Amino acid sequence: MVPSAKDIQFRELKDTISQLNTTIRTQNDLILSLQRMLEERNARDDEKDRIIVNLQAQLEYFKRKIFGSSSEKRNDLPGQLNLFSETVSEEEPAPELIEPEFIELNTGKKKRKPKASYDEMFADLPVCRLEVDTLTEEQKHCPVCQSRMVPIGHEEIRTEIRYTRAKLERVVYIATTYGCPVCKETEEPQFIKDEGLPALIPGSYVSSSLVSHIMYEKYADALPLYRQEKGFELLGVSISRTTMAGWIITCARDYLQPVYDYFHRQLLERHFLMADETPIQVLKEPDRRPQSKSYVWLMRSGEDRLPPIILYHYTETRAGGNAASFLEGIDDGTYVMVDGYSGYNKLKKIRRCCCYAHIRRYLIEAIPNGHDKDYSHPAVQGVLYCNKLFEYERGYKAKGLSYTQIYKRRLKDEKPVVEGFIRWLDAQRPEKGSRMDRAVTYIRNRKDTLMTYLEDGRCSLSNNPSENSIRPVTLGRKNWLFSDSQAGANASMVVYTMVEMAKAHGLHPYSYLKYLLDSCPSTDTREAELANLAPWSEKARIACSNKSE
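Position one of the sequence shown corresponds to residue 56 (the numbering used here), numbered consecutively onward.
Simulated from the structure, these hints should not be mistaken for lab results.
Certain hints may be false.
To be verified - Computed Cβ-Cβ distance ranges for the label pairs, DEER-style: (1) Gln74 - Arg493: 57 to 63 Å; (2) Arg493 - Arg596: 26 to 32 Å; (3) Thr298 - Asn534: 50 to 56 Å; (4) Phe537 - Lys285: 15 to 21 Å; (5) Gly258 - Asn500: 54 to 60 Å; (6) Gly258 - Gly395: 49 to 55 Å; (7) Val199 - Leu289: 52 to 58 Å.
Predicted model only: the values in this text are computed from it and were never measured.
Yeah, the Cβ is synthetic: ideal placement off N, Cα and C, and Gly gets one too.
Please build the complete structure, drawing on both the sequences and the hints.
See the structure below:
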């Protein structure tokens, strides 16, 4: 049957429709593909914008770190009362919480301290009185009758401070030999020789005063041995840095280590501890490259109003097991204040306290440049919470409250602030990758320790004492750069301990080092004798006043 014209036209239309449907599907697929490409491009642009914003924030942060003030102290910001309606100085103490006798904070203008007199400024210096005699013979005669004048009184006219240049002197010990006058004619004459005290280091010419000076210069004044070597050359003697290093290692091992071990035993008996760590470089370690990082651990007693104990400890790595090993033997439930390093989790059965100074530091770093007073910014709000806690702590210290009183006042004053801070923390949704995200993550990782310090008035709010104690090592590291050997690193930690212990108890480090070396403690020294060598003992304080010899 021959198709009609209408059938042919229908088939052609049907083919056209099919072609159009195929074209439409192709176009739809192309449109969808283009839409996906556009969405991906927009997402990439958004990611780039986010990265740019974060990089700009990082740039501003590094600018502040390099060129800005390094202090974390914040000026009182107007509007702070929007978060906290009262201050410590305005509060009336509850009678059942604290005693009525307390020190009022002085909110007025600070009075200028009167200028100290010369007698106060130079009370610890020896005084040499010189009578001046600059008048000529002619001036000593009376201008009226020409009679010679006679002294009738004296008057102080001025004061000056003179510097006496350091000097070295050679001391030669002469031994006396004694003989028996009765036995000298016999077949067995009797002799005895006074051998004197033994040398500090057998076969060496070093004295306790010399090695104490070398230790003091390096570990208290951060003067490296190569510079001391040049200083001794100016004094007329050649003492190599290698020789000085050997003296330090030998004296630290033989005489100072027993005292260090005594301090360590005393520290393990404390119930409030603090810790921090910092890297150093030790060149000669077994199976390690010279460029490898080693670590100094600072372990010290907390703010419990007992004599402070400050110990430094060297290890090859930062592994938390090193801290656990050093503090093995502390009582269960001991409060330990540390920073956010996870290695301290190796310390089992302790009550770990959180450092609010670190928290505040992260929040300060998250504040954009120029937004310090933008109270709508979450980082500023977080800083205000921390500032309030530190404000309360300053108030307690100024009032001289006991630890029991501090404990009760913290529950009344600070616990609501911490609870509000935790609610604020839970509400934060910072942009991923931002400095605020970094700060919030840091705080959330420590959320379970935010309230630990409220459990006892002797717990600290921050780890600042540890950071202050480890600062001498970081300062010295910039000057002497590295330790050559593990023996040298261990000796350095022992000497640093003695220097900082002396400073913490108001003794001159040189005098205390010399006192220890003159006492020559050993592993056989009894505990009672070691107690007399501690810087808090009355015997040590009498022997080492805060004067350099």
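Against the structure, the hints:
1. Gln74 - Arg493: 57 to 63 Å: Holds, at about 59 Å.
2. Arg493 - Arg596: 26 to 32 Å: 47 Å, violated
3. Thr298 - Asn534: 50 to 56 Å: 20 Å, violated
4. Phe537 - Lys285: 15 to 21 Å: 19 Å, holds
5. Gly258 - Asn500: 54 to 60 Å: Check passed, 56 Å falls within 54 to 60 Å.
6. Gly258 - Gly395: 49 to 55 Å: 50 Å, holds
7. Val199 - Leu289: 52 to 58 Å: 56 Å, holds
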